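Peer 1: Next come the chains, spelled out residue by residue.
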Amino acid sequence: MFKNSWPLAMLAVTLAASTARAHEIVGNRFFPATLAIDDPGVTDELALPTVSMLKSGDVPSFKQMDISGEFAKRITEDFAISVAPTWSRLYAPGGLTMNGARGFQNVETLLKYRLFKNDEHEFVMSAGLEIEWGGSGAQGVGAERFNVYTPTLYFGKGFGDLPASMNWARPFAITGQFGYSIPGVSKVVTATVDPDTLEQDIDTEYIPRVFNWGATLQYSMPYLKSAVVDLGLPDFINRLIPIVEASFQTPVSNTATSGTVTTGTINPGIIYTGKTYQFAIEAQIPVNRQSGTSVGVIGQLHFYLDDIFPNTLGRPIFANNINTGRPMFGR
Amino acid sequence: MRSIIASIAFLFAAAGPVFAHAHLDRASPAVGSTVTPAPKEVVLWFTNQLEPAFSSIEVRDEKGASVQVGKAVVDRSNRTRMSVPLKSLPPGSYKVMWRVLSVDTHRTQGDFSFRVGP
Chain A
1 MFKNSWPLAM LAVTLAASTA RAHEIVGNRF FPATLAIDDP GVTDELALPT VSMLKSGDVP
61 SFKQMDISGE FAKRITEDFA ISVAPTWSRL YAPGGLTMNG ARGFQNVETL LKYRLFKNDE
121 HEFVMSAGLE IEWGGSGAQG VGAERFNVYT PTLYFGKGFG DLPASMNWAR PFAITGQFGY
181 SIPGVSKVVT ATVDPDTLEQ DIDTEYIPRV FNWGATLQYS MPYLKSAVVD LGLPDFINRL
241 IPIVEASFQT PVSNTATSGT VTTGTINPGI IYTGKTYQFA IEAQIPVNRQ SGTSVGVIGQ
301 LHFYLDDIFP NTLGRPIFAN NINTGRPMFG R
Chain B
332 MRSIIASIAF LFAAAGPVFA HAHLDRASPA VGSTVTPAPK EVVLWFTNQL EPAFSSIEVR
392 DEKGASVQVG KAVVDRSNRT RMSVPLKSLP PGSYKVMWRV LSVDTHRTQG DFSFRVGP
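Chain order of the listed sequences is A and B. Under the numbering used here, the letters of the first sequence match residues 1 to 331, in that order. Under the numbering used here, the letters of the second sequence match residues 332 to 449, in that order.
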């Protein structure tokens with residue numbers, strides 16, 4: 001029974017292990033780093049650690065804890081590379097032997113390029129290619145031996161350009177991502193021998209191509225204070241961004257053994273934005289039985305390296321001399 | 332694990348003073364406020380020190396006409412403070428547009444409105 005549910009476990013692992021994050025400033029708008037999906041930001045940053053805990057949707061269900069990190073480095077102003085390792089602990093009855101397991105997931109790298117940015121309309125769009133390097137992790141926690149390639153489009157839109165009559169809505173923003181995961185192999189064939197009958201059993205698992213999609217809805221208290229109305233609230237409140245994230249995975253082809261059920265979670269939470277870091281915590285609410293059997297939690301500490309090391313680690317390797325920027329307003 | 336934590340701690344300790352992007356901290360007149368009588372200047376305070384040569388404020392009325400007098404000035408004794416004097420403002424809505432370069436070379440920009448009451 002557990003064996004048949006392993007592909008779903010893989011989807012859950014992919015869900016939990018996708019920790020590539022970013023933050024971005026577009027005109028008036030600050031898009032914070034998000035936890036469940038990646039945002040369109042291209043910048044220098046360090047997310048360490050991201051910790052999540054969720055009971056899987058497998059049968060039988062098991063508790064899984066992931067601790068991950070991500071380091072992103074800009075090569076140019078609009079192009080960045082990031083690397084994200086994840087360490088997992090699967091509590092019994094999880095893992096290949098159902099006795100639990102622990103170890104690293106496959107390492108993920110992300111190449112991301114900012115395609116378009118419009119300050120006036122607080123809109124930004126990026127494209128990326130995420131690669132999960134097969135064989136770099138422990139098979140005991142579900143790390144596969146093959147690569148997975150996920151080209152993805154990211155976008156962010158702030159609503160600061162709404163008319164003054166809708167001032168209350170201007171701090172809202174949405175972000176989203178649409179990715180398509182392409183495994184390096186189409187199937188994995190496993191041969192086992194029954195110790196009693198000595199008969200050979202051939203098990204074929206088809207590896208699906210998966211549509212990874214998700215979005216966030218966020219309300220920025222920093223935006224409210226600095227661009228709409230300063231209500232004189234405490235500084236702590238003015239640094240909060242309440243957020244709801246949604247992240248889904250839908251197998252779309254080669255689904256003979258995986259099925260086509262969409263899995264995912266909806267994550268209500270809150271982000272506190274400091275001067276050089278942010279802290280976020282969210283609940284993870286599974287959207288169906290296959291996505292998890294109880295509400296999980298995910299938290300992240302995230303550092304803005306472009307602010308902490310503005311002249312060294314936090315700037316693009318090939319950067320323009322920003323100090324010679326164009327004077328403004330015709331001066 | 333301890334060595335990793337120690338390495339990260341050293342890395343951040345070696346960063347020296349932290350500057351970060353210059354975001355708008357507060358303003359006078361306050362963001363979104365209605366004031367009476369009309370202000371004689373707009374003053375902005377930022378979360379980081381500014382480069383005067385590449386930092387500016389523009390104030391416009393509802394028709395888009397500039398209502399400031401001269402250029403914005405960054406306070407020499409407090410480089411997080413920038414101000415621009417205004418013409419005599421009749422009642423109405425005004426938009427403040429700012430664009431700054433922080434001392435660590437990060438550009439930021441923004442805008443907000445305030446009203447002058449009758």
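Hints were generated in silico from the structure; no laboratory data involved. There may be inaccurate statements among the hints.
Below, computed lysine to aspartate or glutamate pairings styled on EDC-like, alpha-carbon distance capped at 16 Å [unchecked claim]:
1. B/K371 with B/D356
2. B/K402 with B/D356
3. A/K275 with B/E372
4. B/K426 with A/E120
5. B/K426 with A/D235
6. A/K55 with A/E120
7. B/K426 with B/E382
Derived CB-CB ranges, DEER-like [as the list claims (entries may be wrong)]:
8. A/E77 with B/R357: 48 to 56 Å
9. B/W376 with A/A92: 32 to 40 Å
10. B/D392 with A/Y149: 49 to 57 Å
This one's a predicted model, so the numbers in the text were calculated from it and none came from an experiment. Using N, Cα and C, we set each Cβ at its ideal position, and we do this for glycine too.
Peer 1: Confirm or reject each hint.
Peer 2: Going through the hints against the structure:
| no. | hint | in the structure |
| --- | --- | --- |
| 1 | B/K371 with B/D356 | violated (20 Å) |
| 2 | B/K402 with B/D356 | violated (21 Å) |
| 3 | A/K275 with B/E372 | violated (28 Å) |
| 4 | B/K426 with A/E120 | holds (14 Å) |
| 5 | B/K426 with A/D235 | violated (24 Å) |
| 6 | A/K55 with A/E120 | violated (43 Å) |
| 7 | B/K426 with B/E382 | violated (23 Å) |
| 8 | A/E77 with B/R357: 48 to 56 Å | violated (30 Å) |
| 9 | B/W376 with A/A92: 32 to 40 Å | violated (56 Å) |
| 10 | B/D392 with A/Y149: 49 to 57 Å | holds (54 Å) |
Hints 1, 2, 3, 5, 6, 7, 8 and 9 from the earlier list are contradicted by this structure; the remaining hints agree with it.
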